[in-house]
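2 protein chains.
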Amino acid sequence: MTMNQTIGSAFNKTTYRLSGHGPRNIGMLMTTFHDMNEDTDSDMYGKGKFIEQFQEKMAEFLGKESAVFFPSGTMAQQIALRIWCDRQGLRKVAYHPLCHLEIHEEDGLKKLHGIEPVLLADRSRLITLDDVKNRGEDISCLLLELPQREIGGQLPDYAELEAISAYCHEQGIKLHLDGARLFEILPYYGKTAAEICSLFDSVYVSFYKGIGGVAGAILTGDSEFTEESKPWKRRHGGDLISLYPYIISSDYYFEQRIGKMEQYYQGARQLAEWFNRCPRTATVPEVPVSNMFHIHFAAPQAQVEQALIDLYEETGIGITSNLRAIDENSCYTEISVGDKYAELSSKQIETVFSLLIRKLSLLGKA
Amino acid sequence: MTMNQTIGSAFNKTTYRLSGHGPRNIGMLMTTFHDMNEDTDSDMYGKGKFIEQFQEKMAEFLGKESAVFFPSGTMAQQIALRIWCDRQGLRKVAYHPLCHLEIHEEDGLKKLHGIEPVLLADRSRLITLDDVKNRGEDISCLLLELPQREIGGQLPDYAELEAISAYCHEQGIKLHLDGARLFEILPYYGKTAAEICSLFDSVYVSFYKGIGGVAGAILTGDSEFTEESKPWKRRHGGDLISLYPYIISSDYYFEQRIGKMEQYYQGARQLAEWFNRCPRTATVPEVPVSNMFHIHFAAPQAQVEQALIDLYEETGIGITSNLRAIDENSCYTEISVGDKYAELSSKQIETVFSLLIRKLSLLGKA
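Taken in sequence, the protein lines are chains A and B.
Terminal number for the first sequence in this note's numbering: 374, no gaps in between.
Terminal number for the second sequence in this note's numbering: 374, no gaps in between.
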């Protein structure tokens, strides 16, 4: 037992992993260039074959008229909301209290765009149609995140989603999809990306979540909307002379993994079942609706951390690289199933969970 | 003579070139990865060995306490000005009418940061100490661009620069350097980068101008300033999970070309002499002070364009990929000397200029 090792460093030493696609190393990018011709021209400030072809491909996949590649979702989404607010003449949008823009972007939406958010629902549950109806304030745009990442990746029923979309359309409220993990929910809904996107006026998707690319995002909608997003991309400093390192790798990993979303989803369901058999352990949601879920442990962070570090060392199998405290006596982590899960044999999975059950049973009994 | 060819496509077919480092193709990035170990970890949201080491290296080279890597100069400079404006409690900055922020950034500074520019000097000349003294308005920050790109890459005398710096310091005005082409002016001033940067509170440098990298920028200053820039980078959407494609290539080409700035500068001086011997042709500045200059032709754009296209086809030597009209009877282009110039023999240079002299003499005489 090594006491001065962090869960992150212990995880990094594991060969097998329940979650993720493997290490984020520079080989991830190098691989995507192996079959490329080095004479291929760079994109130039948003123009050129590379970027235009990928944009067209994604617009088609997402069932929209047009698409624009952005270096990040942070940039793409602020810009989407700004365009809708300018269009409606009101700098107010509604979203969930745990929306990425509210908790991970240093208030860029407020400080750069002067847009005020109206928070709907509470931190522990999804936005409902009633929340939208009872928002109490005029808004230009509603942002929905599917799945709602910070509560384990939850999804509304499809009928509820359709009802929210219809209501917004009727009320003249623009509906924007934070689809950072859109590809990952297609198996659960049993819909195409285009079917889901047709409920929204604008959609952002990411290429480094389930797709596992290096970085990059697509923003899509009608042509008027996407054309308006380009000068904003320039204003944000995202209209780089060359974005091809992100475009090439996004396209490469999209092709490699878009067909595996069902596999990741089924893996997440199996894994959640296993975790729910462990003492002091519950997954959120209980039955995953995408490749992701959260695991809540009813034990102090330091204790769970040590149990996991020991487990990684004994088995060479990693579960997660970090735990976050909820309070003194509980903590949680996030699991996103990717390529690594399929490398594990049933025997390895049984071994790791029988050990985990033992270790968690012993917590607090020393 | 091919009539339906653009100057850009004709230039792209040339093997030899008076300007630039060669084509911007994806091989430029691939080359920089050849000797890298693919297990090397990615940077992660601004943290990690890669990004931190390069930031430290650049801070040292530029003689500042600390540095932050940005995907673009557009992002870095707006943020620098915003920090100084917040510090001074006044959203007003002064810069040249042809400043990058004024003409190439879709008014990001105004629309994202609400910062109002005070334009100093006029479009045809550099900002002087008198312009700064007679600005007529309070400002938080003065931005100087060295060299002033849009007027051919001109520079003030070093003594004037020192006087402006001293005046700003005395008046409590922050001084920011747009050093997109800072490395390129070191030979003319005969100063180190650190000596020049010591006159400024904050400095931005680019890695895809003279350095010829893929993209990327460094913003540098004291630690308090650079720490404050990081949440702004996140707000702009530039705090990417992985910036290593730009960092690795910036570092690679910095090492490859930082020692060649004298060579590029001398090349520009030689080339400008040649152009000034051509009819209807004058360079701005007459004697270059960096690797760059503009060429003004006293003839209509279409005529000069056709003469150049013919020249490229006859010699296989390219001069520029584009011309811009000044008015109906004159046009100009920009030359930046890089690695390609050194590939030309004296004989090739004599041939191309004797042909150019002939073609320009014949203009309008058909």
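In short, the hints are calculated from the structure, not lab data.
Treat the numbers as computed from the prediction; the structure is a model and nothing was measured.
Check each hint, because a few of them may be wrong.
Put simply, identical chains are the same to the list, so a pair is met inside one copy or across any two.
[As the list claims (entries may be wrong)] With a straight-line Cα cutoff of 16 Å, these simulated EDC-like cross-link-like pairs (lysine to aspartate or glutamate) come out: (1) Lys21 with Glu358; (2) Lys119 with Glu236; (3) Lys21 with Asp49; (4) Lys21 with Asp47; (5) Lys238 with Glu114; (6) Lys238 with Asp115; (7) Lys355 with Glu232; (8) Lys199 with Asp47; (9) Lys199 with Glu170; (10) Lys119 with Glu158; (11) Lys55 with Asp318; (12) Lys367 with Glu64.
Here is what the structure says about each hint:
no. : hint               : in the structure
1   : Lys21 with Glu358  : neither (21 Å within a copy, 62 Å between copies)
2   : Lys119 with Glu236 : between (20 Å within a copy, 14 Å between copies)
3   : Lys21 with Asp49   : between (39 Å within a copy, 13 Å between copies)
4   : Lys21 with Asp47   : between (38 Å within a copy, 12 Å between copies)
5   : Lys238 with Glu114 : between (23 Å within a copy, 10 Å between copies)
6   : Lys238 with Asp115 : between (22 Å within a copy, 13 Å between copies)
7   : Lys355 with Glu232 : neither (55 Å within a copy, 53 Å between copies)
8   : Lys199 with Asp47  : neither (40 Å within a copy, 38 Å between copies)
9   : Lys199 with Glu170 : within (13 Å within a copy, 66 Å between copies)
10  : Lys119 with Glu158 : neither (23 Å within a copy, 31 Å between copies)
11  : Lys55 with Asp318  : neither (51 Å within a copy, 27 Å between copies)
12  : Lys367 with Glu64  : neither (51 Å within a copy, 43 Å between copies)
Figure legend: structure checked against the earlier numbered hints; hints not met, in rising order: 1, 7, 8, 10, 11 and 12.
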